[in-house]
Structures are given as structure tokens and as C-alpha cells.
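Visitor: Sequence:
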Amino acid sequence: MVGEVSAQGDVYSYDILLLELFTGKRPTSSMFTDNFNLRSYVKMALPRQVIEIVDQQMLLEEEEGLNNDRQASQGSMERIKEVLESILRIGVSCSDEMPKERMDTKDVLMELQRNRNSLL
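In the working numbering, the protein residues as written are 41 to 160.
By construction, these hints were calculated from the structure, which means they are not laboratory data.
Treat the hints with care, since some could be wrong.
[Stated by the list, open to error] With a straight-line Cα cutoff of 25 Å, these simulated DSS-like cross-link-like pairs (lysine-lysine) come out:
hint, residue 1, residue 2
1, Lys83, Lys146
2, Lys83, Lys65
3, Lys65, Lys121
4, Lys121, Lys146
5, Lys121, Lys83
6, Lys140, Lys83
None of the values given here were measured: they were computed from a predicted structure.
Could you put together the complete structure from these sequences and hints?
Guide: The following block contains the structure:
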């Protein structure tokens, strides 16, 4: 807010990019006006509408890889949904307007690594 470089500013920028990558929506999109922005778009969708706001191309690619085994596919897609929800929550938390309310960079990295490990 005051133009000073800080870790909280870095995590804010990172997580706006994270939200952009996972939703496929740009923060500058014409759909975002006044107080409605990418962060509020994602926050409103959590937790029930995660699949609806995630970039559908990303989901299609994942589903193609899982189609061979229907039972494994069901469990894997549920786990993917949980991980996507966690990642989007990180993005929302780290893009809070108040820097002191944002997650610490170390905590963000630990949570992202936990999500990656759960998918592997």
C-alpha cells in the first residue's frame, strides 16, 4: 500500500499469479469491476464451487490421464479437488488487502509442498 518492498508484498504478487494460473482468469479481466476482483471471485466459490472456477483445460488434461481406471479416477479426482481447494485458499489468504493478515511465505511453501506430496 505504501510502495515499500516486503515479503508480504512478494507473497501477494505470487498468490495473485497463483489464482490467475489456476482459474485461467486475469485480474484485469472486464468481469472484475469495482470491489469485485479475482480474489473475491475465488473466495466466493470456496469450498463448494472449486471445480467450476478452475481452468477447465487443466481439469480435462487430468481427467484424460485418469480415464483408464474408473474407480481410481473417482478417488483421484476427489483428491485433486481437495488439493485445488487448498491451493486456492492459499491464494485467497495471501492476497488479503492487509499485509499482516497474509500467510507467511514459509507457511505457503510448506502447504504447497504438502499438496504436491499428497498427489505424488
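Visitor: If you draw a straight line from the CA of lysine 83 to the CA of lysine 146, is it 25 Å or shorter?
Guide: Roughly 22 Å between the alpha carbons, so the hint for lysine 83 and lysine 146 holds.
Visitor: For lysine 65 and lysine 121, compute the direct alpha-carbon distance and say whether it is at most 25 Å.
Guide: holds, 18 Å
Visitor: Has the given pair, lysine 140 with lysine 83, been kept, meaning a C-alpha gap of at most 25 Å?
Guide: Given that 25 Å is the threshold and the Cα spacing comes to 18 Å, the pair holds.
Visitor: Just to be careful, I want the Cα atoms of lysine 83 and lysine 65 compared with a cutoff of 25 Å; is the pair within it?
Guide: holds, 14 Å
Visitor: Starting from lysine 121, check that the Cα of lysine 146 is at most 25 Å away, please.
Guide: Within the cut-off at roughly 24 Å; holds.
Visitor: Taken at face value, is the distance from the CA of lysine 83 to the CA of lysine 121 at most 25 Å?
Guide: holds, 15 Å
Violated hints: none; the structure is consistent with every hint.
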